[in-house]
Amino acid sequence: MLIAKVVGSAVATIKDEHLVGTKLLVVREANINGEVTGKPYVAVDTVNAGGGDLVLTAAGSSARQTGITKDRPVDAVIMAVLDSLEVGGEFTYRKS
Amino acid sequence: MLIAKVVGSAVATIKDEHLVGTKLLVVREANINGEVTGKPYVAVDTVNAGGGDLVLTAAGSSARQTGITKDRPVDAVIMAVLDSLEVGGEFTYRKS
Amino acid sequence: MLIAKVVGSAVATIKDEHLVGTKLLVVREANINGEVTGKPYVAVDTVNAGGGDLVLTAAGSSARQTGITKDRPVDAVIMAVLDSLEVGGEFTYRKS
Amino acid sequence: MLIAKVVGSAVATIKDEHLVGTKLLVVREANINGEVTGKPYVAVDTVNAGGGDLVLTAAGSSARQTGITKDRPVDAVIMAVLDSLEVGGEFTYRKS
Amino acid sequence: MLIAKVVGSAVATIKDEHLVGTKLLVVREANINGEVTGKPYVAVDTVNAGGGDLVLTAAGSSARQTGITKDRPVDAVIMAVLDSLEVGGEFTYRKS
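Chains as they are written, first to last, in my numbering: chain Y, 1 to 96; chain R, 1 to 96; chain D, 1 to 96; chain B, 1 to 96; chain P, 1 to 96.
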């Protein structure tokens, strides 16, 4: 899974019927300190994540293994909000 | 999902029978302002997208989770037309 | 799907039994003008493509959604020969 | 599979119900000498790996083929701890 | 599929039970002349490949479509040993 930061949201009225009711967030990959490093992509939120949250995203068919995303044409899902990351014995990120 | 811009279309007469009837569009990945940044790839359109539209594309097996693409040998689908993107509390893109 | 050009072929006598009878072509990703830009990879041909043809390739599980590649250990398939690409209102590629 | 080194761990209280009970480790891709070369990502541990271990990770749907990860929304799994790597006839890595 | 060269092997005693009995080889992506160009990764051998062999590897769920890898948590498989590659009408690689 990728460490990513929620930076925004997307709105789409015209969409496949299987997307109706999903919440689309704009995220960017982040490092172990929670700083964004990657380009933006869009993921379906399943855990009520908010702007600035550091999250985990799963890609591909794994993105469809939640109750919310099952059988939907989505290839990225936010399925966890990170409380903390510990690397090398020290906390590199803690949710404030 | 990737944010992408529709830049053109592709025509193929000789193709696998499961591709017959699909509409093939040329898209390029775009940033949160709707400006193209990536190389071109081809995606099956399921939402009647048009040239210049900012869209979302799903890849891999997720691309086959629409009524149009089910069981077809396609690994990229356009399944939403973006109305707007909001990043950092401001609209970075609005469909004109 | 990726736009790719057929540049050669591969021969393998020793292979998984599920590969027997498949035609393996060497392709390289190409731009909208049909010029090669990417590194070589090998795809199973399902549309009788020939050297120099500009084709579409599908990857991953989608590569197994043709009659020829079903249940085979292949992750890239050629499933269309491009007649033309139109970008920005102009033909950028036409099959000669 | 990728050669990766376990560098830390991740904690997430808010998560999809299918993630409950999984152990999330932070890993980074490594070279044949066991030195980290890649950016961090998060994988579910299925083999009781510890900090500093050189491991193999599998991605995508393959990450769900273990008893622990079956049907879960995870796209990376640690499913082996490496004892040694031999390249060019010499050991380039041995677990200490 | 990727063109890759077998450069070594990996040993792992602690592993998921579904990995028991698999032969893990270290490979690196190669060009059409059989020269290594990419970073190392690990693939399950299904064709008795040996050091120095130029092979094809399949990734993702396609890696599980052989008798040896079915239902196993592996995302890369060696499923063919290349005899030759022909590009631009000339042999660029022949197995010696």
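It should be emphasised that the hints constitute simulated quantities derived from the structure, not laboratory data.
Treat the hints with caution; some may be incorrect.
As the list claims (entries may be wrong) - Keeping only pairs whose Cα atoms sit at most 25 Å apart, straight-line, the calculated PhoX-like set for lysine-lysine is:
no., chain 1, residue 1, chain 2, residue 2
1, B, 23, Y, 70
2, R, 23, R, 95
3, R, 70, D, 70
4, P, 95, D, 70
5, Y, 39, B, 39
Said to hold, decoys possible - The calculated label-pair distances, taken between Cβ atoms and stated as ranges, are:
no., chain 1, residue 1, chain 2, residue 2, range
6, Y, 37, R, 21, 37 to 43 Å
7, B, 36, R, 89, 18 to 24 Å
8, P, 95, Y, 89, 45 to 51 Å
9, B, 17, R, 33, 47 to 53 Å
10, R, 89, D, 95, 46 to 52 Å
11, Y, 39, B, 20, 43 to 49 Å
12, B, 14, R, 36, 31 to 37 Å
13, B, 37, R, 14, 31 to 37 Å
14, B, 71, Y, 89, 53 to 59 Å
15, R, 96, Y, 52, 25 to 31 Å
16, R, 38, D, 91, 40 to 46 Å
17, D, 39, R, 21, 29 to 35 Å
18, D, 89, P, 21, 55 to 61 Å
Note that this is a predicted model, so its numbers are computed, not measured.
Beta carbons are placed, not taken as given, at the ideal position from N, Cα and C, and that holds for glycine.
Going through the hints against the structure:
Proximity of residue 23/B to residue 70/Y is assessed by CA-CA distance (about 23 Å); at most 25 Å being required, the pair is judged to hold. Our distance criterion of 25 Å between C-alpha atoms is met by residue 23/R and residue 95/R, whose separation comes to about 22 Å. At roughly 15 Å between alpha-carbon atoms, residue 70/R and residue 70/D fall within 25 Å of each other, so this suggested pair holds. Straight-line distance between C-alpha atoms of residue 95/P and residue 70/D comes to about 29 Å, which puts the hinted pair past the 25 Å bound.
Among the hinted pairs, residue 39/Y with residue 39/B is consistent with the structure: their alpha-carbon atoms are about 14 Å apart, no more than 25 Å. For the pair residue 37/Y and residue 21/R, the supplied restraint of 37 to 43 Å holds, since their beta-carbon distance comes to about 41 Å. Between residue 36/B and residue 89/R the C-beta distance comes to about 36 Å, which lies outside the given range of 18 to 24 Å. Distance hint check: the CB atoms of residue 95/P and residue 89/Y are about 49 Å apart, consistent with the given range 45 to 51 Å.
Judged by the Cβ atoms, the range 47 to 53 Å given for residue 17/B and residue 33/R is violated: they are separated by roughly 37 Å. Our hint of 46 to 52 Å for residue 89/R and residue 95/D holds, since their Cβ atoms are close to 49 Å apart. Taking 43 to 49 Å as the suggested C-beta distance range, the pair residue 39/Y and residue 20/B does not conform, at roughly 31 Å. Look at residue 14/B against residue 36/R: about 35 Å separates their beta carbons, and that is inside 31 to 37 Å.
Separation of residue 37/B from residue 14/R is about 43 Å and departs from the stated range, judged on CB atoms against 31 to 37 Å. Between residue 71/B and residue 89/Y the C-beta distance comes to about 33 Å, which lies outside the given range of 53 to 59 Å. Taken as a hint, the range 25 to 31 Å holds for the pair residue 96/R and residue 52/Y, whose Cβ atoms sit roughly 29 Å apart. Checking the proposed 40 to 46 Å range against residue 38/R and residue 91/D shows it is violated: the Cβ atoms sit about 22 Å from each other.
For the hinted restraint 29 to 35 Å between residue 39/D and residue 21/R, the CB-CB distance of approximately 33 Å keeps it satisfied. With their beta carbons about 58 Å apart, residue 89/D and residue 21/P fall inside the hinted range of 55 to 61 Å.
The structure fails to meet hints 4, 7, 9, 11, 13, 14 and 16 from the earlier list, while all remaining hints are met.
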